[in-house]
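Required output: the full structure, derived from the provided sequences and hints.
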Amino acid sequence: MALSLVATQQRRLEARTYLTDGYGLRRRIEDGPAHSRRISEVASVWQPSRLKGYVVPAGKGLPFLSAGQVFEARPRVRKWVAEPMVRDVASRKVSLDMLLMSCSGEVGKVTATYAEHIDRLITHDLLRIEAHDADELGWIYAYMKTPIFYSIARSAQYGHMIKQAASV
1215 MALSLVATQQ
1225 RRLEARTYLT
1235 DGYGLRRRIE
1245 DGPAHSRRIS
1255 EVASVWQPSR
1265 LKGYVVPAGK
1275 GLPFLSAGQV
1285 FEARPRVRKW
1295 VAEPMVRDVA
1305 SRKVSLDMLL
1315 MSCSGEVGKV
1325 TATYAEHIDR
1335 LITHDLLRIE
1345 AHDADELGWI
1355 YAYMKTPIFY
1365 SIARSAQYGH
1375 MIKQAASV
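Taking my numbering, the leading residue of the sequence shown gets 1215, the next gets one more, and so forth.
Read the hints as simulated data drawn from the structure, not as lab findings.
Note that beta-carbon positions come from the ideal geometry of N, C-alpha and C, so glycine has one too.
Do not take every clue at face value.
Unchecked claim - DEER-style ranges, computed between Cβ atoms:
| # | residue 1 | residue 2 | range |
| --- | --- | --- | --- |
| 1 | Tyr1357 | Val1269 | 33 to 43 Å |
| 2 | Tyr1364 | Ala1296 | 31 to 41 Å |
| 3 | Val1303 | Glu1330 | 10 to 20 Å |
| 4 | Val1270 | Arg1368 | 18 to 28 Å |
| 5 | Tyr1355 | Gly1282 | 13 to 23 Å |
| 6 | Lys1266 | Arg1290 | 31 to 41 Å |
| 7 | Thr1360 | Pro1289 | 20 to 30 Å |
| 8 | Ser1309 | Ala1356 | 31 to 41 Å |
| 9 | Phe1285 | Asp1333 | 15 to 25 Å |
| 10 | Ala1296 | Val1256 | 35 to 45 Å |
| 11 | Glu1350 | Pro1277 | 22 to 32 Å |
| 12 | Tyr1328 | Tyr1364 | 15 to 25 Å |
| 13 | Asp1347 | Ala1296 | 21 to 31 Å |
To be verified - Mimicking DSS-like on lysine-lysine, the simulated pairs with C-alpha atoms at most 30 Å apart in a straight line are:
| # | residue 1 | residue 2 |
| --- | --- | --- |
| 14 | Lys1307 | Lys1266 |
| 15 | Lys1359 | Lys1274 |
| 16 | Lys1274 | Lys1307 |
| 17 | Lys1323 | Lys1359 |
| 18 | Lys1293 | Lys1359 |
| 19 | Lys1274 | Lys1293 |
| 20 | Lys1323 | Lys1293 |
Right under this line is the structure:
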């Protein structure tokens, strides 16, 4: 590892980081052929601000899905949030051309959005991934479902998951 990476705070010098399989895989990819690209070159990776809402009785507010529910085949809304208390509602909803990735709990799990996610508030605990070119969304999804990506995503790094996912 180059000392300049530590000096510029792009990497931390921790054994647990550099002894993980994910870090080694990432280094091999970075040092490999020129045709490999970082996710940030083919997609926008972002996360809405923390959701601070008030829970209201069923059907009285906006339907909300937690991180775990997003990965269910048919998630049932269990929580409703008071709409006037939610800042930037649009950033909390998703569209059918997005991928969602867990960035807490079981870090690195990925799913494509589908009809059950539409018109529901989705937790801030999931990164939103939007391909720059819609034709590449399937390729990005396929890569993010591989054991290689999962291992890289789960390896510890400075800035935690958000920085890592944006630069893998």
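These are the hints, each one checked on the structure:
At roughly 37 Å, the beta carbons of Tyr1357 and Val1269 sit within the given window of 33 to 43 Å. The hinted window of 31 to 41 Å between Tyr1364 and Ala1296 holds, with their beta carbons roughly 36 Å apart. Range check, Val1303 to Glu1330: Cβ separation about 18 Å, and the 10 to 20 Å hint holds. For Val1270 paired with Arg1368, a C-beta distance near 36 Å fails the hint of 18 to 28 Å.
Range check, Tyr1355 to Gly1282: about 20 Å between beta-carbon atoms, so the 13 to 23 Å window is met. In this structure the hint that Lys1266 and Arg1290 lie 31 to 41 Å apart at CB is violated, the actual value being about 24 Å. Between Thr1360 and Pro1289, the C-beta spacing of about 25 Å keeps the proposed range 20 to 30 Å intact. The hint said 31 to 41 Å for the Cβ distance between Ser1309 and Ala1356, and at roughly 20 Å that hint is violated.
For Phe1285 paired with Asp1333, a C-beta distance near 18 Å keeps the hint of 15 to 25 Å intact. Separation of Ala1296 from Val1256 is about 37 Å and conforms to the stated range, judged on CB atoms against 35 to 45 Å. As the Cβ distance of Glu1350 to Pro1277 is approximately 30 Å, the hint placing it in 22 to 32 Å holds. The hinted range of 15 to 25 Å is satisfied by Tyr1328 and Tyr1364, whose Cβ atoms lie roughly 21 Å apart.
For the pair Asp1347 and Ala1296, the beta carbons lie near 38 Å from each other, so the given range of 21 to 31 Å is not met. For the suggested pair Lys1307 and Lys1266, the alpha carbons sit about 15 Å apart, so the restraint of at most 30 Å is met. A hinted pair counts as satisfied when its Cα atoms are at most 30 Å apart, and Lys1359 with Lys1274 does not qualify at roughly 37 Å. Proposed proximity of Lys1274 and Lys1307 is supported: the alpha carbons are some 18 Å apart, at most 30 Å.
For the suggested pair Lys1323 and Lys1359, the alpha carbons sit about 8 Å apart, so the restraint of at most 30 Å is met. Only pairs whose Cα atoms come within 30 Å are accepted, and Lys1293 paired with Lys1359 is accepted, the gap being roughly 29 Å. Under the criterion of a C-alpha separation no larger than 30 Å, the hint pairing Lys1274 with Lys1293 is consistent with the structure, at around 10 Å. Restraint check for Lys1323 and Lys1293: satisfied, since their Cα atoms lie roughly 22 Å apart, inside the 30 Å limit.
In summary, the structure is inconsistent with hints 4, 6, 8, 13 and 15 from the numbered list given earlier, while agreeing with the others.
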